[in-house]
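Residues 0 to 363 in numbering that gives the first Met the number 0 are what the sequence shown lists, from first letter to last.
Hint data in this document are derived by calculation from the structure and do not stem from the laboratory. Be careful, since some hints might not be right.
Unchecked claim - Have a look at the derived ranges for each label pair, beta carbon to beta carbon:
| hint | residue 1 | residue 2 | range |
| --- | --- | --- | --- |
| 1 | Asn255 | Glu229 | 25 to 31 Å |
| 2 | Pro263 | Thr103 | 49 to 55 Å |
| 3 | Gln283 | Asn189 | 23 to 29 Å |
| 4 | Asp348 | Val154 | 26 to 32 Å |
| 5 | Leu344 | Lys123 | 26 to 32 Å |
| 6 | Ala232 | Ser354 | 47 to 53 Å |
| 7 | Asp170 | Ile241 | 39 to 45 Å |
| 8 | Ser340 | Asp310 | 44 to 50 Å |
| 9 | Asn168 | Gln362 | 37 to 43 Å |
| 10 | Lys234 | Ala156 | 47 to 53 Å |
| 11 | Ala130 | Ala206 | 55 to 61 Å |
| 12 | Lys203 | Asn255 | 26 to 32 Å |
| 13 | Pro263 | Pro143 | 34 to 40 Å |
| 14 | Ala130 | Glu229 | 27 to 33 Å |
Said to hold, decoys possible - Capping the alpha-carbon separation at 20 Å, the derived lysine to aspartate or glutamate pairs in EDC-like fashion look like this:
| hint | residue 1 | residue 2 |
| --- | --- | --- |
| 15 | Lys343 | Glu169 |
| 16 | Lys171 | Asp155 |
| 17 | Lys77 | Glu112 |
| 18 | Lys300 | Asp359 |
| 19 | Lys75 | Asp330 |
| 20 | Lys203 | Glu169 |
| 21 | Lys123 | Asp155 |
| 22 | Lys152 | Asp170 |
| 23 | Lys123 | Glu89 |
| 24 | Lys228 | Asp193 |
| 25 | Lys322 | Asp70 |
| 26 | Lys152 | Asp193 |
| 27 | Lys123 | Asp134 |
| 28 | Lys132 | Asp155 |
| 29 | Lys234 | Asp265 |
| 30 | Lys215 | Asp134 |
| 31 | Lys300 | Asp96 |
| 32 | Lys132 | Glu148 |
| 33 | Lys322 | Glu89 |
In this text, a Cβ means the ideal position worked out from N, Cα and C, and glycines have one as well.
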Amino acid sequence: MKKVIAMLLAVVMVFALVACSSGSKSETTTAAETTTAAETTTAAAETTTAAAETTAAAAAETTAAAAGNIDYSALKGKKIGCTIVYKGDEWCSALADNLASMGTQYGATINVEDGDINDETQSKQIENMVANKVDMIFCDPATPDGCTEALQKAVDANIPIVIYDGYWNEDKAVTTITWDQPTTGELVANYLIDYVNKNTDTYKDGAANIVVLDLKTSTHCMEREEKFKEVLAAKAPNLKIINTQDCNGNRETGANAITNIVQPFDFVASVVDNGAWGAISAIQARGLDNVKVLSMGAYGKEPFEALHNQDPNYLACVVVDPKVVAQGVYDAAAKYLNGESVEKLTNIDLYVADSSNVTDFWQF
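Using the sequences and the accompanying hints, generate a full structural model.
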């Protein structure tokens, strides 16, 4: 009997050992498989990441190639003379700042001088640049022919010239980087016509009175005014221009011009943003809450915040990014110094901003 019991116990022990052995093998296999699976997953993730990085790099290279790579190293150490039409204008001041900062960025030496909307002043500045033997001249002339004699001296001295913002009547500059002045006036005119047509409850029969603030010392500003008036006359005869005043490019004169107008008016169209803001100060002082102002060239915090906050008077402006103009100037200069071909004229893109789309042009 004892032998039988002993044999039974032995059998039970054998089965127990087999069961334990089988369980250990299963656990070991599971752990190994888990580790292998994890390693495979990690490897796959690394492969996917690498593929993504490669794709991103390829996309960046494609974008860069499409945009056209420019070697700016040729600008390093260059002495650049620069005159701008008028630093008293906020937009021109921003353009001057961009030209100065980009020059430093590219290793060039540049001094942006204020032309004070004066041909004689700018001519003297250019003559001094020639005497100082600058490597290149950037010029924003107040008038297309007012600096011709001085610029010709630069040409005779083999100093390359880049015209920006304005124009030079002679075809002797490397290039001109600017914006289409007549188009500016046309954009504002068409915007005004559409606005009046959408608000016929306020402007009966599409009729309204308009005051224009111009800048007679600036040829390209006058081009804006002329086109603005031309489009209104052709498309909207009920939009009457009742008064035209010279704002002299500053706010005080613009404000005084509006203060002295007795006849009722609905809109003010200014060829420069300084004139627009001068008009607004006078309009607000007179309590003319329903008068709207349009600017034929603006950029920056002041105009864009006014649009974003739906200022009751500042209605719309043509967006002209000074940084784009400045970058175009340096792009052309670098290409020329590298012996590359340069387009004779580049007009930057223009847009009209109002409260409905201003976030497309400025971060708030």
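Right, here's what the structure says about each hint:
{"no.": "1", "hint": "Asn255 x Glu229: 25 to 31 Å", "in the structure": "holds, 27 Å"}
{"no.": "2", "hint": "Pro263 x Thr103: 49 to 55 Å", "in the structure": "holds, 51 Å"}
{"no.": "3", "hint": "Gln283 x Asn189: 23 to 29 Å", "in the structure": "holds, 27 Å"}
{"no.": "4", "hint": "Asp348 x Val154: 26 to 32 Å", "in the structure": "holds, 30 Å"}
{"no.": "5", "hint": "Leu344 x Lys123: 26 to 32 Å", "in the structure": "holds, 27 Å"}
{"no.": "6", "hint": "Ala232 x Ser354: 47 to 53 Å", "in the structure": "violated, 28 Å"}
{"no.": "7", "hint": "Asp170 x Ile241: 39 to 45 Å", "in the structure": "holds, 40 Å"}
{"no.": "8", "hint": "Ser340 x Asp310: 44 to 50 Å", "in the structure": "holds, 45 Å"}
{"no.": "9", "hint": "Asn168 x Gln362: 37 to 43 Å", "in the structure": "holds, 39 Å"}
{"no.": "10", "hint": "Lys234 x Ala156: 47 to 53 Å", "in the structure": "holds, 49 Å"}
{"no.": "11", "hint": "Ala130 x Ala206: 55 to 61 Å", "in the structure": "holds, 58 Å"}
{"no.": "12", "hint": "Lys203 x Asn255: 26 to 32 Å", "in the structure": "holds, 31 Å"}
{"no.": "13", "hint": "Pro263 x Pro143: 34 to 40 Å", "in the structure": "holds, 37 Å"}
{"no.": "14", "hint": "Ala130 x Glu229: 27 to 33 Å", "in the structure": "violated, 43 Å"}
{"no.": "15", "hint": "Lys343 x Glu169", "in the structure": "holds, 12 Å"}
{"no.": "16", "hint": "Lys171 x Asp155", "in the structure": "holds, 11 Å"}
{"no.": "17", "hint": "Lys77 x Glu112", "in the structure": "holds, 17 Å"}
{"no.": "18", "hint": "Lys300 x Asp359", "in the structure": "holds, 13 Å"}
{"no.": "19", "hint": "Lys75 x Asp330", "in the structure": "holds, 13 Å"}
{"no.": "20", "hint": "Lys203 x Glu169", "in the structure": "violated, 48 Å"}
{"no.": "21", "hint": "Lys123 x Asp155", "in the structure": "holds, 16 Å"}
{"no.": "22", "hint": "Lys152 x Asp170", "in the structure": "holds, 14 Å"}
{"no.": "23", "hint": "Lys123 x Glu89", "in the structure": "violated, 24 Å"}
{"no.": "24", "hint": "Lys228 x Asp193", "in the structure": "holds, 15 Å"}
{"no.": "25", "hint": "Lys322 x Asp70", "in the structure": "holds, 19 Å"}
{"no.": "26", "hint": "Lys152 x Asp193", "in the structure": "violated, 48 Å"}
{"no.": "27", "hint": "Lys123 x Asp134", "in the structure": "holds, 17 Å"}
{"no.": "28", "hint": "Lys132 x Asp155", "in the structure": "holds, 12 Å"}
{"no.": "29", "hint": "Lys234 x Asp265", "in the structure": "holds, 18 Å"}
{"no.": "30", "hint": "Lys215 x Asp134", "in the structure": "violated, 33 Å"}
{"no.": "31", "hint": "Lys300 x Asp96", "in the structure": "holds, 15 Å"}
{"no.": "32", "hint": "Lys132 x Glu148", "in the structure": "holds, 17 Å"}
{"no.": "33", "hint": "Lys322 x Glu89", "in the structure": "holds, 13 Å"}
Taken one by one, the earlier hints fail for this structure at numbers 6, 14, 20, 23, 26 and 30, listed in ascending order.
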